[in-house]
Amino acid sequence: MIHGTLKHFLEDMLDIAGYAKKEKETYVVSLENTLREAVAIELLKKFPKDDADVFTDFITRHKKNPRIVQEFFKSLSTKEEFIQISTEKTYSFTLEIVESFLLSATEQQKKRVKHLIERYNISRIQTRTVRS
Amino acid sequence: MPETGEHSPLKVAKGIETFLESRQVTLQFLKAAFGKENVEGMTRGITPLVGLDTPVTEPFLSKAGQLVEKYSS
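Same order as they appear, the protein sequences are chains A and B.
Its first residue numbered 1, the first sequence is counted upward by one per residue in this note's numbering.
Its first residue numbered 1, the second sequence is counted upward by one per residue in this note's numbering.
Don't read these hints as lab results, they were simulated from the structure.
Hints may be right or wrong, so weigh each one.
[To be verified] Pairs of lysine to any residue, SDA-like flavour, derived with a Cα cap of 25 Å:
{"#": "1", "chain 1": "A", "residue 1": "22", "chain 2": "B", "residue 2": "63"}
{"#": "2", "chain 1": "B", "residue 1": "63", "chain 2": "A", "residue 2": "61"}
{"#": "3", "chain 1": "A", "residue 1": "110", "chain 2": "B", "residue 2": "63"}
{"#": "4", "chain 1": "A", "residue 1": "111", "chain 2": "B", "residue 2": "52"}
{"#": "5", "chain 1": "B", "residue 1": "70", "chain 2": "A", "residue 2": "83"}
{"#": "6", "chain 1": "A", "residue 1": "21", "chain 2": "B", "residue 2": "59"}
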């Protein structure tokens with residue numbers, strides 16, 4: 001099976017870090033929520049500071065209900081803009097997580113992450129070959 | 001209902017809350033709260049957050065590889 005999403009990539013990295021299945025699920029959910037907040041902050045940068053402070057307060061009060069926060073932010077931008085901000089932030093955010101892990105990883109774990117990256121690269125090449 | 005230019009930031013936040021929780025909000029309120037330019041974005045269809053279901057791409061793997069190199073002895 002070819003693993004193709006950032007979620008799979010992060011789960012594989014958490015395997016290397018020694019997380020149990022339940023811990024991994026909890027961690028990924030937490031990451032998704034943090035990611036929403038990160039996207040939200042990007043969107044808030046479009047607004048004057050006073051408004052942004054109010055919105056931040058709103059998010060804080062509703063952070064236990066991601067659906068409300070998510071829908072609110074989806075309403076703040078056009079579809080194209082939202083996708084662009086969300087995509088860019090998702091990649092940069094995931095790289096930040098990879099870096100955080102590497103900072104405290106053992107040499108053996110770093111080697112395994114390197115192999116993981118190689119494996120995903122091979123998967124991508126194979127997928128491209130099959131499609132073409 | 002607040003008129004354009006007569007709302008405080010706190011009222012705006014309260015208005016957003018009402019909008020999200022009851023879904024009973026008028027276009028006039030949205031314009032008052034956020035300005036005409038932003039209303040178009042608000043009233044468009046909801047797009048799911050891209051999130052971690054985003055595909056792993058070559059640039060991402062390349063940057064991740066650079067990080068591994070950076071932190072490997």
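Evaluated hints:
no., hint, in the structure
1, A/22 x B/63, "violated, 29 Å"
2, B/63 x A/61, "violated, 35 Å"
3, A/110 x B/63, "holds, 15 Å"
4, A/111 x B/52, "holds, 24 Å"
5, B/70 x A/83, "violated, 30 Å"
6, A/21 x B/59, "violated, 28 Å"
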